[in-house]
Structure formats: structure tokens, C-alpha cells
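Asker: Each chain, written out:
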Amino acid sequence: MRSLLAQLLDTLIVLFGVSTLVFLLLVLIPGDPVDVVLGESARAADREAMRSALGLDQPLPQRWAMFYLDLMRGDLGDSLVRRQPVAELIMQRLPATLQLAAAAFALVVIVALPLGIFAARNRGHWLDHLAQGFALIGVSIPNFWLGPLLVLLFSVQFGWTPVSGNLEPGSLILPAVTLGLSMAAITTRMVRSSLLEVESQPFLRTARCKGLSEGSVMIRHSLPNAMLPVITVLGLQLGSLLAGAVITEVVFAWPGIGSLLVDAIRQRDYPVVQGVVLLIALSYVLANRLSDLLAGWLDPRIRGAG
Amino acid sequence: MRISALILTVWALMALAGTLPSLEPHLVSLPEIFAPPSADHWLGTDELGRPVLDRLLTGASVSLFVALTTVTLSALIGISVGLIAGYFGGGIDRVISRLIEVFLAFPGMLLAIAMAAMIGPGIDNVIIALAVMGWVGYARLVRVQVLALRQRDHVLAATALGRTNLAIMARHLLPLVMAPVWVEASFGLAGAVVAEAGLSFLGLGIQPPDASWGGMIRDGVRYLLVAPHLVMAPGVALFLVVLAANLFGDGLRDRFDVTSRNMR
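Protein chains in written order, with our numbering: chain A, 915 to 1220; chain B, 185 to 448.
If you are wondering where the hints come from, they were derived from the structure by calculation, not from laboratory data.
Among the clues, some could well be false.
To be verified - Residues of chain B placed beyond 12 Å of chain A at every Cβ, according to the derived structure:
#: 1; residue: R186
#: 2; residue: M198
#: 3; residue: L204
#: 4; residue: L207
#: 5; residue: E208
#: 6; residue: P209
#: 7; residue: A223
#: 8; residue: L237
#: 9; residue: T343
#: 10; residue: G387
#: 11; residue: L424
#: 12; residue: D434
As the list claims (entries may be wrong) - Quick look at which bits of chain B chain A covers, simulated, 3 or more residues with Cβ under 8 Å:
#: 13; region: 278-291
#: 14; region: 302-311
#: 15; region: 325-339
#: 16; region: 395-407
To be verified - Cβ-to-Cβ under 10 Å is the rule here; a few derived chain B residues that face chain A:
#: 17; residue: L248
#: 18; residue: L252
#: 19; residue: L260
#: 20; residue: M299
#: 21; residue: L386
#: 22; residue: P392
#: 23; residue: L422
#: 24; residue: F423
#: 25; residue: V425
#: 26; residue: A428
#: 27; residue: A429
#: 28; residue: N430
#: 29; residue: L431
#: 30; residue: L436
#: 31; residue: F440
The beta carbon of each residue, even a glycine, is placed where N, CA and C say it ideally should be.
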């Protein structure tokens, strides 16, 4: 119980640090943000309005405190361009991103688990080398190149899938593959190496000596033990799916928070940039903490040590 | 490891060739737009009739320069911070550890995008944004190792002999923590190349008309159906370089890591 409280406190401190970092990003804008947004020839009244909208008329510590008070109420400020609360804009776009992330994550689990297990079971076999080759290529192929390649192959050559957008059925497939491939590759490697590591443990020899079949050794002893590091990696990836979605959404004109972020950057809509970055960073932290909790719950050794 | 070294050497040579004054990466030639690869233009021309090969070579210089500078800068910052935290411990270590934790809690690419969005595009700003994202890996690595090495006899002996803190860190700790730093730097090189290209792809990195692999892919995507070579040339180059840096990192890790070498 005490360790759970300590973990919670720890998470709160990290969340505090991350949001402070996001707040400080606004300070990095070179020169006067009002000049940057409106141009130097803007009218004085407009400049004042923008100044107070961004909170620039107040000293930094005060802005920082306001930032947190607003954040507690779920208020991320208003968009400078669209005259709409940032939180509302994000909520409109979030479902599309979550749909994409869920599809990519499902792909990671469906591809990586069987492939990793298969590679570990058949170590040294040419299919193992093939799986490892897939993993290496998947890690090395940038998603902003993979996306156009897939479009060229499956939309243009075969005409199987739509080129972009999310309106037609089947339009989810290519973005999900683009987003999920590198993560599937990392997870495949992790599953394989983790299983091979468990393989050398004495308790597996004991299980085999008891006369258990290979199948039940795998299901009852190898997998549960090998899954712990895999769960941690999956947690890391669940969090980075949202960050990875930024580029994927731009490639496929997918109307989620990633393309919202990039549009906002182009329009210098700083409150929206801040809001989206904050949301992605916070969900990354929470996903990692949840996977740590899950791993601890599954593994009495970590629970005891935590 | 030999293949990866070969690809990385080719990359370096391309980068070197990219600085040749005879290249014409900005030469617009409207009669020749979207020309397919030919004897005149080995990789064809782009939407303004500019030679893709010349732009690819210039892009190689940009990516190599950004990657090397980023990795060097990140490593210098990260190693110093990690050494200080691990060696001095106590309050300094607690503060630095929290800082490391906060930066690690950020998906790296997101931080780079956010930084670049705020400080603006351009090659200097890309390097700054990528170094802000990159230092933390080295810091964590070095800190953990220094914590373990601090009580070793040779460090205690150096302390007893009255060596300064700086001398102990530089002469007695740093050489012992470098092996994993080289591995991290190798993966960091791959990461920096992808990140620079990614930022340029999003329009946050190298600005047109200057050539960069990410920018070439972004521009090429618009003409994917007419001229796929515009996306293929920089994409293949980028993929091979990243693949080689990753392979090189794997190779280094196996070479340095005695336990995993024995297991194989």
C-alpha cells in the first residue's frame, strides 16, 4: 500500500514536471509572440487583446500559477485562430486519433506476439532470420516514407485502399500499418529475446522433467514469465502511438489531433500547440505508469521490491 | 557490421560530394520537369526540373552534419550531467534524476516537434531541438554506471591521493563508462537522421529551396502518381542509412557486452 502511494506521488511529480516543461515552451518563442502571430504592423488594440489572451500581460510566475489552475479545470485556453476553446477542438479530433492508435496497437499485438514466439521457438531456422529481418527493417523504415510506399503499392497499383482521409471503409488499414509497423518490429524483437532468456531458466527444465508437454511448458511457464518486459515495452509504445500518430496523420490527411497539431504549428496557434503536446505527453506518462503497475501486479518479485 | 560500415562510409562520401561546387541542386529547368532517370540526370528531375541526384547529395551533407552535431552535442551534455549526478550524489543527484525522469516522460519526437514549433525552423534550431531531446539518454546511462563505480578502489585511492573531482571524473570514471555511450551514440545517430528528416517532412526543419531528404519526400508525395522516383530516391537513402546505423549499434552492443557475447 505504501509503495502504491509512493508510486502515485512519484507519478504526480513527473506529471507536474512534464506540464511545467510544456508551459515553458511558450517562453522559448524568440521575440514577442504577439509580433510573431499578428505581424509588427498590427493595431495596438489587437495587440493588447492578443497579449491578454495569451496572458502575456502578467509576470511569469503568475502565468504559471494560472496555467495550473486552468489545467485543473480542464481549461486549455482558447485557439487564436479558430476562436474556440482548445479543449473543445481536441475533443472533436481525439476520436479519430484514438481509432487510429487502437487499430495500430491491435496490429502490434496480432503480428508481434505470434511472430516473436515463433522466432524464439525456431531459433536459428531461416524463418527466425526472416522474422528478425522484418524486425530490423520495421525499426529502420521511417513512417513518413513507409506511408507513401504503401499508398503507391496498395492504393495506386492494386486499388485496394483509399489514398487518404477517413471517410471510406478500409481507409484505416494503411495508416494503422504505417503507425504500427515499427512498434510491431520492436515488440517482435522483445518477445523473441525475452522468451529466449526465460528458456535458459532452471524452472523450465524442471517443468520438462515433470513430463509436461512443450505446449503447456510454453503456456504455463515460458510465456507468463517472458511477458513482463514485453508488457513494459507495450506500455511505452501505447504512449508513443499518439506521438507517432502526428506524422502518420499528416501523411494520410487523417483528421486527428496530430494533424490538428501540425496545422496549429503552421498557423502559429500556440495555445492549441501547447494543449495537444500536453495531452500527448500526459497520456504517455500515464500509459507507462499503468504498464508498470500491471507488470508489478503480475510479478510478485517486482511487487515486493517496489 | 561490415555492411553497415560500408553503407555509412558511402553516406559520408555522398555528404562530401554534396559540398562540391559543381552541383546544381537549385537549378530550375522547366522544360525538364519530372524527367525520369537518364544518362544526363541519373536520378531524374523534380517538379521544377532540378536534378534529384544533386539534391540527394546536398541532402546527404545536411543529414550527416545535423546527425553528427546533434549526437556530439547530446553526448557532451548528457555525459557531463550524468557524471555530475552520479559522482556528487545527494541533492544534486536527486534534482538531476527528476529532470531526467521528466525528459524521459516525453516521447522524444514530440518534444523535438514542440521545440521546433516554438523556436522556428532552420538547421540550427533543428540541432537545438534534437539535442534537447537527445541528451537525456546519455545522462541516464552515465549516471547509473558512475553510481556503481564511485566506490571502486581506484576511485577511492585517487580521492585519498587528493586528486581533484574533475580529474577523478575525467581520468578515472569517464573511460570506464564509454562503452555503452558508443552504443547509444550509434542508435542516436539513426534517431537523429530520422528525426531531422521527420522535422523537415513536417516543414519544421530545413527550409526550401535547400534540399533535405525529409523535405524531398514531403514535396515528392504531392507528385507520387506522376513521378514516384521523387519519393523513392531520398526514401531509400534514408532507410539504408538508418538501417546501417541500427545494425552498427547492434554490432557494437554485441562486441562490448560480454554476457550477451558468451550467450550466443
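Asker: None of the hints should be skipped; say for each whether it holds.
Answerer: Consistency of the hints with the structure:
1. R186: holds, 16 Å
2. M198: holds, 18 Å
3. L204: holds, 26 Å
4. L207: holds, 23 Å
5. E208: The assertion about B/E208 holds, with a minimum of 25 Å to chain A.
6. P209: Consistent with the label, B/P209 stays out of reach of chain A, its closest Cβ about 20 Å off (over 12 Å).
7. A223: Per Cβ check, B/A223 is outside 12 Å of chain A; nearest 26 Å; holds.
8. L237: holds, 18 Å
9. T343: Since the minimum Cβ distance to chain A is about 31 Å, B/T343 lies beyond 12 Å and the statement holds.
10. G387: violated, 7 Å
11. L424: violated, 8 Å
12. D434: violated, 8 Å
13. 278-291: Answer holds; 8 residues pass the 8 Å Cβ test.
14. 302-311: With 3 residues in contact (Cβ-Cβ under 8 Å with chain A), the coverage given for the region 302-311 of chain B holds.
15. 325-339: violated (count 0)
16. 395-407: Per the Cβ count (5), the hint holds.
17. L248: violated, 16 Å
18. L252: Hint violated; B/L252 Cβ to chain A Cβ min 19 Å, cut 10 Å.
19. L260: violated, 21 Å
20. M299: holds, 7 Å
21. L386: holds, 6 Å
22. P392: violated, 14 Å
23. L422: holds, 6 Å
24. F423: This hint holds: B/F423 lies near chain A, its Cβ roughly 6 Å from the closest one there, short of 10 Å.
25. V425: holds, 9 Å
26. A428: holds, 9 Å
27. A429: holds, 8 Å
28. N430: With Cβ-Cβ at 5 Å, under 10 Å, it holds.
29. L431: holds, 7 Å
30. L436: violated, 15 Å
31. F440: violated, 17 Å
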